[in-house]
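Could you slot chain Z onto chain L? The hints should help.
Chains L and Z, in that order, are what the protein sequence lines are.
For the first sequence, this note's numbering assigns the number 1 to the initial residue and increments by one for each residue that follows.
For the second sequence, this note's numbering assigns the number 1001 to the initial residue and increments by one for each residue that follows.
Among the hints, a few may not be true.
Where chain Z lies over chain L, by a calculated footprint (3+ residues, C-beta under 8 Å) [stated by the list, open to error]:
1. 156 to 163
2. 183 to 192
3. 219 to 230
In short, the hints are calculated from the structure, not lab data.
Where a beta carbon is used, it is the ideal one built from N, C-alpha and C, also for glycine.
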Amino acid sequence: MTAQVVTISSGKGGVGKTTAVANIAFALAASGSKVVCIDGDIGLRNLDVVMGLENRIVYDIVDVIEGRCKLRQAMIRDKHLPELYLIPAAQTRDKNAVSPSDMKRICDEIRPDADFVLIDSPAGIERGFRNAIAAADRVLVITNPEVSAVRDADRVIGILEAEEKHSPALILNRLNPDLVKQHDMLSAEDVLDLLGIKLIGIVPEDESVIVGSNRGVPVSQDPKSRAGQAFRNIAHRLKGEDVPFMDLDKQGGLWDRIQKMAGRR
Amino acid sequence: MWWFKSKRSASSAKERLQLVLIHDRTDLTPAELNELKDELIQVISRHVEIEPDAVQIDLQHDGRTQRLVADIPLRSVTRRRTG
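One chain only, chain L, in its complex shape (with noise of 0.2 Å):
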């Protein structure tokens, strides 16, 4: 086994980087693989809470680096899926507590006995996201098709040319089909073709998912969430898989059935 190193960015903050790392990774473990999640975020720790292993939290990623703890006990176990795992980040304010060699260290240390590890950057464009691609194999960028978000995700391409990482993937997150029908929204072939990368999925904008990291159980488990579809049609492309996208037209929005209603369809 040797586990593929997967870092998912987004340059800007709240887009969905956590959520997509929990969802990947949940759909990753369900089916078959054994996943190692990283929280890169130091000082603001949350995919534990996403997760739902807040609770469990003995060892951080720092207590492995500055040597208080093996990285087997900071490995916290998921309760219903036994080959997913979190290392969490520390809560210290010393962001420079973790650098890109220790991250290289760590996942090389992970690679013999998983089958993914998946790194949760943090926001920005500084150390800490620095630290998350530094052992990457490869980067998923996530953006959601609004202007400021589909900016920073480009910078951070930019940044990912210039450190010759393997070439990113897309993820472009909370399209609302709606709005891209009555051209108030970018669509996904807008913002593929501003950006000018290839694309790893598209998740639909989904009410399910604000419930399922409520309950600490990522979307990616309800096998009717049409979010959750998007997620697992990501793990399995990242196993290698040809899925093809989502029709989300299928999903028969309020404007669609008005139209329906009008016979205008």
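Relative to chain L, chain Z alone:
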């Protein structure tokens, strides 16, 4: 009502982003681009006669590759001979 007259917001988002991204990627501000244009006109004018007012310089993108595209019309040679 105003929102029926104005074009839909997605296309203005895309157009604005296209401009912003080109300048972000190249680190060239519109002012610097103008300066570049003026200097280019000077240099080229030393060798051939051009129509300085018709010179156009644009940044275009093709995927993630940026391209500086200059359109520099030359002044007609026959006119110079007769003049």
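Now for the hints, and whether the structure bears them out:
no. : hint       : in the structure
1   : 156 to 163 : holds (count 3)
2   : 183 to 192 : holds (count 6)
3   : 219 to 230 : violated (count 0)
Checked against the numbered hints given earlier, the structure breaks only hint 3 and satisfies all the rest.
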